[in-house]
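Between the sequences and the hints, there should be enough to build the whole structure, so can you do that?
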Amino acid sequence: MRKKVDNSLKMSTVLTMIVVIASIIYSYVHCSISIYLIVLVVLLVLSPILYIPYKVIEDQDSYIIARVVGRKEYKKKDYRQEYISLKGKGFTLRLFGTAFWVYWGYFWNRKMGVYFGNHLCSDRVLLLTNTQNGKKIVIDVPQK
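Quick note: the sequence shown uses the numbering used here, first residue 1, plus one each step.
It should be emphasised that the hints constitute simulated quantities derived from the structure, not laboratory data.
Predicted model only: the values in this text are computed from it and were never measured.
We treat Cβ as the ideally placed atom computed from N, Cα and C, and that holds for glycine.
Possibly wrong hints are sitting among the right ones.
Stated by the list, open to error - Using 30 angstroms as the maximum straight-line C-alpha spacing, the simulated DSS-like pairs for lysine-lysine come out as follows:
| id | residue 1 | residue 2 |
| --- | --- | --- |
| 1 | K55 | K10 |
| 2 | K75 | K55 |
| 3 | K4 | K76 |
| 4 | K55 | K76 |
| 5 | K72 | K55 |
Stated by the list, open to error - Label-pair distances were calculated between CB atoms; the ranges are:
| id | residue 1 | residue 2 | range |
| --- | --- | --- | --- |
| 6 | S32 | K75 | 45 to 55 angstroms |
| 7 | A66 | S32 | 34 to 44 angstroms |
| 8 | Y28 | S85 | 36 to 46 angstroms |
| 9 | I18 | S47 | 16 to 26 angstroms |
| 10 | I21 | D61 | 40 to 50 angstroms |
| 11 | G113 | K55 | 23 to 33 angstroms |
| 12 | S85 | G134 | 13 to 23 angstroms |
| 13 | Q81 | S47 | 28 to 38 angstroms |
| 14 | Q143 | V29 | 43 to 53 angstroms |
| 15 | M11 | S34 | 29 to 39 angstroms |
| 16 | S27 | R80 | 40 to 50 angstroms |
| 17 | T131 | S27 | 45 to 55 angstroms |
| 18 | V41 | S85 | 26 to 36 angstroms |
This is the structure in structure tokens:
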């Protein structure tokens with residue numbers, strides 16, 4: 001099953017790539033910037049790719065997010081689980097996160113408060129709320 005990716009995420013990624021590429025070309029041609037600075041910018045732009053959740057697996061005890069580099073596991077006993085849609089939650093502010101390649105990092109909106117997101121789609125996601133401290137995590141729905 002192929003993962004669904006939000007159109008807004010696709011669009012922001014394409015527009016950001018166009019701006020970054022145009023800025024690099026302009027800076028290199030007209031400002032004679034260092035090739036090392038260009039490499040640094042490219043690495044920073046590509047770094048969110050490492051956190052793309054290409055598969056979310058649900059087993060008996062946990063949810064496992066398989067990312068390009070590494071994996072993250074959330075124990076079911078530590079979280080209250082709820083399937084939700086982030087669409088219609090109103091304006092969402094990125095506190096320390098990215099919507100470039102992947103929704104990853106800390107976000108805030110009025111209805112949910114602060115949450116950590118690691119997902120590709122906002123239509124149907126899994127909200128994990130820590131039973132000890134109330135921290136919220138949003139991940140893609142596990143694949144069957």
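Hints versus structure:
1. K55 to K10: This hinted pair holds, its Cα atoms lying about 18 angstroms apart.
2. K75 to K55: Distance ~17 angstroms between K75 and K55 Cα, so the pair holds.
3. K4 to K76: The hint holds at about 24 angstroms.
4. K55 to K76: 17 angstroms, holds
5. K72 to K55: Within the cut-off at roughly 11 angstroms; holds.
6. S32 to K75: 45 to 55 angstroms: Taking Cβ atoms as reference, S32 and K75 lie about 53 angstroms apart, which means the hint holds.
7. A66 to S32: 34 to 44 angstroms: 43 angstroms, holds
8. Y28 to S85: 36 to 46 angstroms: 43 angstroms, holds
9. I18 to S47: 16 to 26 angstroms: At roughly 18 angstroms between Cβ atoms, S47 and I18 fall inside 16 to 26 angstroms, so the hint holds.
10. I21 to D61: 40 to 50 angstroms: 44 angstroms, holds
11. G113 to K55: 23 to 33 angstroms: 28 angstroms, holds
12. S85 to G134: 13 to 23 angstroms: With Cβ atoms ~21 angstroms apart, the hint holds.
13. Q81 to S47: 28 to 38 angstroms: About 29 angstroms separates the Cβ atoms of Q81 and S47, which means 28 to 38 angstroms holds.
14. Q143 to V29: 43 to 53 angstroms: The hint (43 to 53 angstroms, Cβ to Cβ) holds, given that Q143 and V29 are roughly 45 angstroms apart.
15. M11 to S34: 29 to 39 angstroms: 31 angstroms, holds
16. S27 to R80: 40 to 50 angstroms: 48 angstroms, holds
17. T131 to S27: 45 to 55 angstroms: About 49 angstroms separates the Cβ atoms of T131 and S27, which means 45 to 55 angstroms holds.
18. V41 to S85: 26 to 36 angstroms: 35 angstroms, holds
The earlier numbered hints are all upheld by this structure, with none contradicted.
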